[in-house]
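Order-wise, the sequence lines are chains A and B.
9 is the number of the first residue of the first sequence in the working numbering; add one for each residue after it.
19 is the number of the first residue of the second sequence in the working numbering; add one for each residue after it.
Treat the hints as calculated values from the structure; they're not laboratory data.
Since this is a predicted model, take the numbers as computed values, not measurements.
Some hints here could point you the wrong way.
Quick list of in silico lysine-lysine cross-link-like pairs, DSS-like style, CA-CA up to 30 Å [said to hold, decoys possible]: (1) A:Lys95 x B:Lys230; (2) A:Lys31 x A:Lys149; (3) A:Lys31 x A:Lys102; (4) A:Lys31 x A:Lys95; (5) B:Lys216 x B:Lys113; (6) B:Lys216 x A:Lys143; (7) B:Lys270 x B:Lys170; (8) A:Lys143 x A:Lys95; (9) A:Lys102 x A:Lys30; (10) B:Lys69 x B:Lys216; (11) B:Lys101 x A:Lys95; (12) B:Lys230 x A:Lys102; (13) B:Lys69 x B:Lys101; (14) A:Lys95 x B:Lys113; (15) B:Lys230 x B:Lys101.
A short list of chain A residues far from chain B (calculated; beta carbon distances all over 10 Å) [what the hints assert, rightly or not]: (16) Glu47; (17) Lys95; (18) Asn175.
Label-pair restraints from in silico Cβ distances [said to hold, decoys possible]: (19) A:Asp85 x B:Tyr193: 20 to 30 Å; (20) B:Gly68 x A:Asn266: 17 to 27 Å; (21) A:Asn200 x B:Pro254: 47 to 57 Å; (22) B:Asp183 x A:Thr233: 55 to 65 Å; (23) B:Asp183 x A:Ser256: 48 to 58 Å; (24) B:Tyr193 x A:Thr233: 56 to 66 Å; (25) B:Ile73 x A:Asn266: 19 to 29 Å; (26) B:Asn192 x A:Glu209: 25 to 35 Å; (27) B:Pro24 x A:Val287: 14 to 24 Å; (28) A:Asp85 x B:Asp103: 54 to 64 Å.
Glycine is no exception: its CB is placed at the ideal position from the N, C-alpha and C atoms.
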Amino acid sequence: MALGAMMTISQYFNPYNDEAIKKLYKSLIDQCINMFGVETTYIARDSQSHVDLFFGDDPTKVFSNVYPIVVMIENVDQFDGGDLFTKFGYTVSKSVSLLLGTENFQEGTANNVGPRPREGDLVWLQPFQALYEIKYVNQDKFFYAFGNKNFYGWSLSCEEFRYNNENITTGIPDVDGKVNQIMIAYQAQMANGNGSYSIGEAVYQGTSYTDATSTAVVISWDLPTANLVLGQTVGVFIANTNVIGLESNAVFTLQSINVLDNVHDGLDNNEQIRQEADVFLNFNEDNPFGNPTE
Amino acid sequence: MLGIPPFYNQTIRRVMVAFGTMFKDTVVIKYDANTRAELGRSTVPIEYAGKETYIQRLDGDPTLQKGVQIVLPRMSFELLGMKRDENRQTSSYNKLTLCQTAGSNAISSFSPGMPYDLNIQLNLYVRNQEDGLQVIEQILPFFTPDYTLNLKYLSCDGGCTVSEDLPFVLENINYSNNYEGPGGSVRYINWSLDFIAKTWFYGPLSSGSVIKTVDVNINDIDSGNTQATIIITPNPPTANATDDYGFTTIIKEFA
Numbered sequence: 009m010a011l012g013a014m015m016t017i018s019q020y021f022n023p024y025n026d027e028a029i030k031k032l033y034k035s036l037i038d039q040c041i042n043m044f045g046v047e048t049t050y051i052a053r054d055s056q057s058h059v060d061l062f063f064g065d066d067p068t069k070v071f072s073n074v075y076p077i078v079v080m081i082e083n084v085d086q087f088d089g090g091d092l093f094t095k096f097g098y099t100v101s102k103s104v105s106l107l108l109g110t111e112n113f114q115e116g117t118a119n120n121v122g123p124r125p126r127e128g129d130l131v132w133l134q135p136f137q138a139l140y141e142i143k144y145v146n147q148d149k150f151f152y153a154f155g156n157k158n159f160y161g162w163s164l165s166c167e168e169f170r171y172n173n174e175n176i177t178t179g180i181p182d183v184d185g186k187v188n189q190i191m192i193a194y195q196a197q198m199a200n201g202n203g204s205y206s207i208g209e210a211v212y213q214g215t216s217y218t219d220a221t222s223t224a225v226v227i228s229w230d231l232p233t234a235n236l237v238l239g240q241t242v243g244v245f246i247a248n249t250n251v252i253g254l255e256s257n258a259v260f261t262l263q264s265i266n267v268l269d270n271v272h273d274g275l276d277n278n279e280q281i282r283q284e285a286d287v288f289l290n291f292n293e294d295n296p297f298g299n300p301t302e
Numbered sequence: 019m020l021g022i023p024p025f026y027n028q029t030i031r032r033v034m035v036a037f038g039t040m041f042k043d044t045v046v047i048k049y050d051a052n053t054r055a056e057l058g059r060s061t062v063p064i065e066y067a068g069k070e071t072y073i074q075r076l077d078g079d080p081t082l083q084k085g086v087q088i089v090l091p092r093m094s095f096e097l098l099g100m101k102r103d104e105n106r107q108t109s110s111y112n113k114l115t116l117c118q119t120a121g122s123n124a125i126s127s128f129s130p131g132m133p134y135d136l137n138i139q140l141n142l143y144v145r146n147q148e149d150g151l152q153v154i155e156q157i158l159p160f161f162t163p164d165y166t167l168n169l170k171y172l173s174c175d176g177g178c179t180v181s182e183d184l185p186f187v188l189e190n191i192n193y194s195n196n197y198e199g200p201g202g203s204v205r206y207i208n209w210s211l212d213f214i215a216k217t218w219f220y221g222p223l224s225s226g227s228v229i230k231t232v233d234v235n236i237n238d239i240d241s242g243n244t245q246a247t248i249i250i251t252p253n254p255p256t257a258n259a260t261d262d263y264g265f266t267t268i269i270k271e272f273a
């Protein structure tokens, strides 16, 4: 027998060209993920302007496009990492690895995101009520079982989101509710007015919303006490000026707003510093050489 | 200590709070990359670092359902150490007085302070480069290389205070952008700014009566006999230190 004939691949056991085996393998993966996975929400990243290609980041990114997907959590009994106490306060540094099938991803996202999940996008893990950011998409998880061009799924390395006060509006109550609990928000005391603001509506100061001098989103509103909590602020809100609800048309006069006190941050000291410093910081401009009028 | 009743002027606490007040209202704005229109703004949270871990845990995640890792950008500051500054040292014999306590004959006095340099570090943690650069560029122009506040170090019962200028000198700026690593690594951007606060430490206030009568005897140097006595008192005698008063001078001559 010639040596060359022995080196050929068997035509009966060639998985790289057998579409049926590939399909079976793919189906098994998807089935496993569907059986043992959890329903999650894929939240795609977008930009209010564009990605800064010089510094390589995007301070204006927003998250509003959501897609249902099923992922299987690879971690067996706990998250990787853990909680940290740092000089910047308490940090929840948990990470998790998720298995995502290609077909599930394409169907779930209706091909709107692209051919694969993207680093920087978010995954809302419903069972854990937490936002995770995709740090790395590992395409080698299934090690090209039937050739390099065949992706059967990805392993997503995710960590809890390092939130930068991005605008995350998904329309999913759990997600939006969570974001409303963590976003930087300030309490405003309103004076006289009429109507009642709606949670989640945009409010503004100015002649119209398009020509507004400042805008924000209502996080909470208590009519009896006239306490309004505002997030996603743009511009400076001026006291003794009306704040108008875009949808509710409620109008109240702003009495005061404290932008030193983020109501969702239990560790910041901005307002405490202001109050304490008022006692012993001396802002009197006395002439050290005496009063020239005497 | 040293047989002196305990005292605590809260000097270090006041210096640290004064330091924090310079940065408490630092704002980061998100700009549209094309039009430079404002898209959002927020005050950068600042905190004193090194809180008790139970405080961090309870206040940082009270419901255990934080749902995100951390909210950025964020600043913190902490005291790293201190060193005596011999260049500002003055004589310890210079007793300084404060005002007379209202309604009494007492007056407060204190010894000169000990000059110390406090090393304070300001840390900044940002997600985006632009956020960090905004904060840094808001800070740097005001430290030339120092920015001075006026701090009330001591207060007496009469309401007077010992106020001294408190310069904060910006010494070093360190920037760290850790982005290298295997797949799954993330970028961490940290800034740390080292400051020196040129502060004073004062001892306790002491209280004593106001001297209202001065007797001066003029003696003959040879015989030792008193030739004259000069008595000086305030006019009116009930005047306090802060009143508008004159002096009554009585000269008694002896033959």
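We went through each hint and held it up to the structure:
1. A:Lys95 x B:Lys230: Distance ~56 Å between A:Lys95 and B:Lys230 Cα, so the pair is violated.
2. A:Lys31 x A:Lys149: With a Cα-Cα distance of about 17 Å, the restraint between A:Lys31 and A:Lys149 holds, given a limit of 30 Å.
3. A:Lys31 x A:Lys102: Measuring from Cα to Cα gives roughly 35 Å; hence the hint is violated.
4. A:Lys31 x A:Lys95: violated (51 Å)
5. B:Lys216 x B:Lys113: holds (21 Å)
6. B:Lys216 x A:Lys143: violated (45 Å)
7. B:Lys270 x B:Lys170: violated (46 Å)
8. A:Lys143 x A:Lys95: holds (23 Å)
9. A:Lys102 x A:Lys30: It is violated: about 35 Å lies between the C-alpha atoms, which goes past 30 Å.
10. B:Lys69 x B:Lys216: holds (24 Å)
11. B:Lys101 x A:Lys95: With a Cα-Cα distance of about 23 Å, the restraint between B:Lys101 and A:Lys95 holds, given a limit of 30 Å.
12. B:Lys230 x A:Lys102: Judged against 30 Å, a Cα distance of about 73 Å means the pair is violated.
13. B:Lys69 x B:Lys101: holds (24 Å)
14. A:Lys95 x B:Lys113: Violated - the C-alpha atoms of B:Lys113 and A:Lys95 are around 42 Å apart, more than 30 Å.
15. B:Lys230 x B:Lys101: violated (42 Å)
16. Glu47: holds (17 Å)
17. Lys95: The claim breaks: A:Lys95 does not keep its Cβ more than 10 Å from every Cβ of chain B (closest is about 4 Å).
18. Asn175: A:Asn175 not clear of chain B: closest Cβ-Cβ about 7 Å, inside 10 Å.
19. A:Asp85 x B:Tyr193: 20 to 30 Å: 39 Å Cβ-Cβ, so the 20 to 30 Å window is violated.
20. B:Gly68 x A:Asn266: 17 to 27 Å: holds (26 Å)
21. A:Asn200 x B:Pro254: 47 to 57 Å: About 56 Å separates the Cβ atoms of A:Asn200 and B:Pro254, which means 47 to 57 Å holds.
22. B:Asp183 x A:Thr233: 55 to 65 Å: violated (43 Å)
23. B:Asp183 x A:Ser256: 48 to 58 Å: At 52 Å between Cβs, range holds.
24. B:Tyr193 x A:Thr233: 56 to 66 Å: violated (45 Å)
25. B:Ile73 x A:Asn266: 19 to 29 Å: With Cβ atoms ~22 Å apart, the hint holds.
26. B:Asn192 x A:Glu209: 25 to 35 Å: violated (44 Å)
27. B:Pro24 x A:Val287: 14 to 24 Å: Taking Cβ atoms as reference, B:Pro24 and A:Val287 lie about 21 Å apart, which means the hint holds.
28. A:Asp85 x B:Asp103: 54 to 64 Å: Distance hint for A:Asp85, B:Asp103 holds at roughly 56 Å.
When each numbered hint is compared with the structure, violations occur for hints 1, 3, 4, 6, 7, 9, 12, 14, 15, 17, 18, 19, 22, 24, 26.
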